[in-house]
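Engineer: So the chains spell out like this:
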Amino acid sequence: MISIAESLVAVAGQPNTGKSTIFSALTGVHQEVGNWPGKTVEKKQARAPLGQGGYHVVDLPGSYSLHAHSPEERIAVEYLLHTAPDITVVVASALSPERTLAYALEVMALERPMVLALNMTDLAEKNGIHLDAKAIAAKLGVPVVALSAICRKDADPLREAVRQALHSQPQPGRLPVAVLQNLPQPAAAAATESLRQLQEQHNLAEPAALALIWRSMSGEGESEARLRELAGSLVAPLLTTEARQQFDAARRDWIAQLTGRKSRDALTRQSTTAVWDRWFLHPVAGPCIMAAILLLALILGFGVGFPLAYKTGEALSLVTPYIEDLNSYGLHLITAMCLGVWRGVRSVFAMLPFVAVFYTVFAILDDVGYMARAAFLMDRAMRRLGLNGKAFVPLLFSIPCNISGIVGCRTIDDPRQRLLTLLVIPLVPCTAKIIVMVTLSAWLFTPAVAILVVLGLLTLNMLVLAGVCLLAGKMMPAPVRESGLLMELPHFHRPNVLTISRYVSRNIMAFIKKASTLIVAFSAVLWFLSYYPSANVEQSLLGQMGKMLQPLGDLMGADWRLLTSLLASGVSKEALMATLGVLYDTGTGTLAETLRVSVSHASALAFMCAQSLFFPCIPATGILYSEARSFTLITAVVAYSLILPFALAIMIYQAARLVS
Amino acid sequence: MTMVTPRSRTVFLCLGALGAALMYAGDMLLYWGSGATDLSPLGLAPAMAGVAPERLVLGGYAGPLASLLYAAGFWGIARLLRPGRQILQWLVFLLFCMAMLYGGAYHSHYPHLAFTAANPHTLARTAGYIDLLAMGASVPMACASVLFIYAVLRGFTYCPRAMALLTPLPLFLCAAPLQHLPEPLLLPLAGGWNNLLFIIFFLACARVRNKDGAPGAGHGAPGADATHEAGPGRSLDSLAPGGIGIIQTVSCPADVQERLAALGINPGNAVRMLRPGDNRVVECCGTFVALAEKFAGRITITPTDETL
Numbered sequence: 001m002i003s004i005a006e007s008l009v010a011v012a013g014q015p016n017t018g019k020s021t022i023f024s025a026l027t028g029v030h031q032e033v034g035n036w037p038g039k040t041v042e043k044k045q046a047r048a049p050l051g052q053g054g055y056h057v058v059d060l061p062g063s064y065s066l067h068a069h070s071p072e073e074r075i076a077v078e079y080l081l082h083t084a085p086d087i088t089v090v091v092a093s094a095l096s097p098e099r100t101l102a103y104a105l106e107v108m109a110l111e112r113p114m115v116l117a118l119n120m121t122d123l124a125e126k127n128g129i130h131l132d133a134k135a136i137a138a139k140l141g142v143p144v145v146a147l148s149a150i151c152r153k154d155a156d157p158l159r160e161a162v163r164q165a166l167h168s169q170p171q172p173g174r175l176p177v178a179v180l181q182n183l184p185q186p187a188a189a190a191a192t193e194s195l196r197q198l199q200e201q202h203n204l205a206e207p208a209a210l211a212l213i214w215r216s217m218s219g220e221g222e223s224e225a226r227l228r229e230l231a232g233s234l235v236a237p238l239l240t241t242e243a244r245q246q247f248d249a250a251r252r253d254w255i256a257q258l259t260g261r262k263s264r265d266a267l268t269r270q271s272t273t274a275v276w277d278r279w280f281l282h283p284v285a286g287p288c289i290m291a292a293i294l295l296l297a298l299i300l301g302f303g304v305g306f307p308l309a310y311k312t313g314e315a316l317s318l319v320t321p322y323i324e325d326l327n328s329y330g331l332h333l334i335t336a337m338c339l340g341v342w343r344g345v346r347s348v349f350a351m352l353p354f355v356a357v358f359y360t361v362f363a364i365l366d367d368v369g370y371m372a373r374a375a376f377l378m379d380r381a382m383r384r385l386g387l388n389g390k391a392f393v394p395l396l397f398s399i400p401c402n403i404s405g406i407v408g409c410r411t412i413d414d415p416r417q418r419l420l421t422l423l424v425i426p427l428v429p430c431t432a433k434i435i436v437m438v439t440l441s442a443w444l445f446t447p448a449v450a451i452l453v454v455l456g457l458l459t460l461n462m463l464v465l466a467g468v469c470l471l472a473g474k475m476m477p478a479p480v481r482e483s484g485l486l487m488e489l490p491h492f493h494r495p496n497v498l499t500i501s502r503y504v505s506r507n508i509m510a511f512i513k514k515a516s517t518l519i520v521a522f523s524a525v526l527w528f529l530s531y532y533p534s535a536n537v538e539q540s541l542l543g544q545m546g547k548m549l550q551p552l553g554d555l556m557g558a559d560w561r562l563l564t565s566l567l568a569s570g571v572s573k574e575a576l577m578a579t580l581g582v583l584y585d586t587g588t589g590t591l592a593e594t595l596r597v598s599v600s601h602a603s604a605l606a607f608m609c610a611q612s613l614f615f616p617c618i619p620a621t622g623i624l625y626s627e628a629r630s631f632t633l634i635t636a637v638v639a640y641s642l643i644l645p646f647a648l649a650i651m652i653y654q655a656a657r658l659v660s
Numbered sequence: 001m002t003m004v005t006p007r008s009r010t011v012f013l014c015l016g017a018l019g020a021a022l023m024y025a026g027d028m029l030l031y032w033g034s035g036a037t038d039l040s041p042l043g044l045a046p047a048m049a050g051v052a053p054e055r056l057v058l059g060g061y062a063g064p065l066a067s068l069l070y071a072a073g074f075w076g077i078a079r080l081l082r083p084g085r086q087i088l089q090w091l092v093f094l095l096f097c098m099a100m101l102y103g104g105a106y107h108s109h110y111p112h113l114a115f116t117a118a119n120p121h122t123l124a125r126t127a128g129y130i131d132l133l134a135m136g137a138s139v140p141m142a143c144a145s146v147l148f149i150y151a152v153l154r155g156f157t158y159c160p161r162a163m164a165l166l167t168p169l170p171l172f173l174c175a176a177p178l179q180h181l182p183e184p185l186l187l188p189l190a191g192g193w194n195n196l197l198f199i200i201f202f203l204a205c206a207r208v209r210n211k212d213g214a215p216g217a218g219h220g221a222p223g224a225d226a227t228h229e230a231g232p233g234r235s236l237d238s239l240a241p242g243g244i245g246i247i248q249t250v251s252c253p254a255d256v257q258e259r260l261a262a263l264g265i266n267p268g269n270a271v272r273m274l275r276p277g278d279n280r281v282v283e284c285c286g287t288f289v290a291l292a293e294k295f296a297g298r299i300t301i302t303p304t305d306e307t308l
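Here the protein sequences come in this chain order: A and H.
Under our numbering, read the first sequence as residues 1 to 660, first letter to last.
Under our numbering, read the second sequence as residues 1 to 308, first letter to last.
Calculated directly from the structure, the hints in this document are not laboratory data.
The structure displayed is predicted, hence computed values, not measured ones.
For each residue, glycine too, the CB sits at the ideal point set by N, CA and C.
Hints are not guaranteed to be accurate.
Calculated lysine-lysine pairs in the DSS-like style (CA-CA distance at most 30 Å, straight line) [said to hold, decoys possible]: (1) A/LYS139 / A/LYS262; (2) A/LYS44 / H/LYS294; (3) A/LYS153 / A/LYS139; (4) A/LYS134 / A/LYS311; (5) A/LYS513 / H/LYS294; (6) A/LYS134 / A/LYS153.
Which stretches of chain A does chain H cover? Using the computed rule of at least three CB atoms under 8 Å from a CB of chain H, they are [to be verified]: (7) 262 to 272; (8) 483 to 494.
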């Protein structure tokens with residue numbers, strides 16, 4: 001017998017049942033939690049605290065059934081079918097017990113030892129749903145824990161149930177044979193006969209035979225060919241559409257008995273979510289509310305985040321004199337290097353409050369369950385671009401960072417739509433691009449004009465995104481299957497401060513990690529290139545490289561320093577400001593003043609347009625490739641993100657010159 | 001929007017016709033004296049100056065009330081649009097209402113013509129202001145009419161295409177020949193035509209039935225009321241908001257059907273329509289499901305008498 005520390009516990013369930021919260025409760029690891037289906041798009045593993053046994057816990061993405069329709073579901077289904085964890089914690093939602101318990105029965109039919117976590121009981125009680133965990137446990141023969149996983153104390157019984165199950169010899173649950181007995185004739189007779197013959201001819205124990213029949217009739221799990229291979233012709237009469245429909249009905253009736261309510265009873269009262277949805281999904285009020293929410297997010301981002309970012313930048317500047325003091329010890333080279341690196345890092349860290357505000361707003365919207373509504377409302381507009389509403393959430397999550405959006409595309413089940421969304425995500429301006437846009441326009445234009453410039457550039461981004469989407473949609477092969485919106489809208493709930501703060505802190509830490517590794521390394525390289533061979537930027541390696549691009553720069557009104565900064569933004573968008581800081585460091589004034597003197601309005605417009613559409617950063621491109629696994633897609637992204645920015649920048653510069 | 005049955009739609013349309021009739025009566029019975037042949041505000045002023053002030057005030061007072069009744073009628077007009085056209089529906093309703101707000105103000109200001117008739121300078125300014133109000137009514141009215149004609153011709157409403165001829169814009173064009181009618185027909189017909197055309201419009205619309213002739217069977221129209229009709233094998237679309245039905249069949253592509261089943265949309269389960277439109281939202285087994293029109297159309301239900 002293996003020790004508990006080597007045991008493996010998998011957390012599975014349908015999307016939006018609270019698996020990640022339960023994973024966090026079991027392990028203490030702050031898994032990202034969200035209130036829209038598909039928050040966990042890859043399986044994540046951690047260990048439970050040593051005091052609880054230190055076992056391994058795997059958090060699987062949600063899957064609606066054991067038939068995978070999207071990449072995230074495929075991860076979960078393949079894991080459940082081909083891996084044998086010691087315990088599978090199946091998370092069912094007490095708000096919709098009918099379908100989530102049906103899923104639990106399908107997992108049970110895989111003959112896996114199981115603990116059933118009946119989550120969201122607090123919300124269920126409020127909605128008049130009262131489930132008897134003890135009765136369910138008695139019927140299913142597995143431990144059942146009713147809980148509200150967001151309450152820390154509620155998770156204790158679940159931890160205890162898992163620990164006890166691991167200590168004892170874990171057993172699979174009892175599939176209800178009553179479902180087969182309640183089938184109408186001749187299906188009931190055929191099922192009973194198959195059950196008997198499987199035991200006699202294949203020497204299967206009754207639970208194993210029942211599980212095989214269950215999988216045959218539900219159509220979940222193995223393919224029909226595999227079932228025929230396992231059971232020969234014994235299950236053939238059970239594989240008909242009619243038999244499966246009768247099985248579905250019998251299973252539904254059994255679950256209705258188990259939960260003590262029929263599907264009609266579930267509709268006898270109106271839930272709070274339905275009341276809210278009258279407004280949030282209203283054809284006129286809904287889009288207005290969404291526009292107001294997004295506008296509020298922007299106002300908060302700029303109104304709160306931007307001044308905070310400015311103050312942070314000022315605070316970080318206080319360190320600079322201390323670095324310069326190193327000169328007094330004769331450490332000239334080290335001082336120059338530290339200053340170069342510090343300038344780069346400072347410009348990135350100054351963006352932190354701006355990013356944090358956006359993450360906070362999106363985390364709140366996500367946590368309360370609004371994001372799925374936004375996807376629903378945007379479906380019509382997205383369809384005009386050849387996408388559907390599901391693509392909207394990844395596109396929206398691309399605003400804080402394109403990487404979040406790229407990974408979020410796993411929730412899109414249609415492969416064509418997923419590729420199309422992945423293709424256009426780099427055109428969504430991320431916070432880093434927006435910050436550069438806002439900072440430069442604030443420095444180079446009057447406040448009123450700066451607002452117009454930023455809005456104009458954002459509109460241009462959206463138009464280019466729509467154009468690329470439409471063009472790519474026409475060039476891609478026609479869809480092989482009928483597509484259309486089909487998605488679950490989660491129940492609304494109050495924002496959970498802990499969940500939101502975890503989400504924000506997790507993303508901020510990822511940002512800091514990126515800033516403290518990639519940006520520091522890049523700043524060091526950049527400093528080296530701008531310092532050698534003669535400590536003069538213009539004659540440095542970087543300067544010489546930049547000057548080679550001058551012919552292109554002449555067309556769009558950008559000098560070699562702007563062009564070099566633009567190319568540096570390919571490494572990371574934040575690197576653009578760092579590079580500008582290094583290349584324009586005259587030692588006599590601030591960067592803003594220097595730029596104001598040396599960059600014309602026409603050049604600034606063209607440059608900002610180019611940077612907003614330029615190549616996505618290296619980490620985003622890497623993840624884009626790993627998600628799409630399509631060389632064609634990456635080539636297309638590289639092609640449009642190199643051609644479009646320069647072409648549009650040249651047009652804007654030349655037009656601005658003509659006008660002026 | 002709340003649920004409106006074809007019967008209540010008819011009631012709303014009749015209220016609209018009543019509003020038009022009230023405004024017409026205000027014009028004809030309370031405002032006008034005899035002998036006016038120039039129907040412009042300036043031309044009518046001398047004839048109105050001879051009317052008793054109490055009659056004029058009463059006539060002016062009828063304006064806002066008539067506008068309210070008109071708005072009820074426009075609500076009925078908006079409900080003639082099929083489900084999935086909510087934005088168009090709201091645009092038509094709001095534009096018509098906006099037109100009639102100005103229309104009511106226009107009507108209510110007519111007594112000033114009589115009160116200021118003695119002072120040519122003030123009269124001209126009053127007439128100019130009333131003309132401006134008329135403009136405020138005409139522009140949204142024309143826009144709403146164009147939108148409604150577009151909806152009728154594109155089949156977005158339950159109206160036959162010929163109905164486009166009985167909408168305000170084409171009827172308004174008939175005013176030109178009416179201007180040449182002799183007295184005593186001129187004033188009641190040409191002078192009151194703007195209200196008469198709405199009486200025609202509302203009453204013509206009130207005669208429109210949903211496509212299959214059955215009340216509430218209009219493809220899930222917000223103006224339908226399937227919840228009071230029980231019959232086998234109706235489309236899920238036929239459920240009005242709040243209506244509950246029992247799913248009979250689901251015949252979508254296999255992958256869609258599997259997903260629907262996993263979400264609880266299975267034969268035998270009860271389902272409630274929460275939001276009709278091009279994308280529906282239904283509630284089933286405690287789950288809210290958004291599904292495209294094409295999938296909803298392939299789910300049949302047995303409507304129940306229950307609604308929430």
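Engineer: Check whether the Cα positions of A/LYS139 and A/LYS262 lie no farther apart than 30 Å.
Structural biologist: Distance ~18 Å between A/LYS139 and A/LYS262 Cα, so the pair holds.
Engineer: For the pair supplied as a hint, A/LYS513 and H/LYS294, is the alpha-carbon distance within the 30 Å limit?
Structural biologist: violated (47 Å)
Engineer: Straight-line Cα separation of A/LYS153 and A/LYS139 no greater than 30 Å?
Structural biologist: OK: A/LYS153 and A/LYS139 at ~26 Å, within 30 Å.
Engineer: Hey, A/LYS134 versus A/LYS153, does the alpha-carbon distance stay inside 30 Å?
Structural biologist: holds (19 Å)
Engineer: Has the given pair, A/LYS134 with A/LYS311, been kept, meaning a C-alpha gap of at most 30 Å?
Structural biologist: violated (57 Å)
Engineer: For the region 483 to 494 of chain A, does the count of residues with a C-beta closer than 8 Å to a C-beta of chain H reach 3?
Structural biologist: holds (count 8)
Engineer: Quick check: the region 262 to 272 of chain A, covered by chain H? Criterion 3+ residues, Cβ under 8 Å.
Structural biologist: holds (count 9)
Engineer: Starting from A/LYS44, check that the Cα of H/LYS294 is at most 30 Å away, please.
Structural biologist: violated (37 Å)
Violated hints for the displayed structure, listed by number in ascending order: 2, 4, 5.
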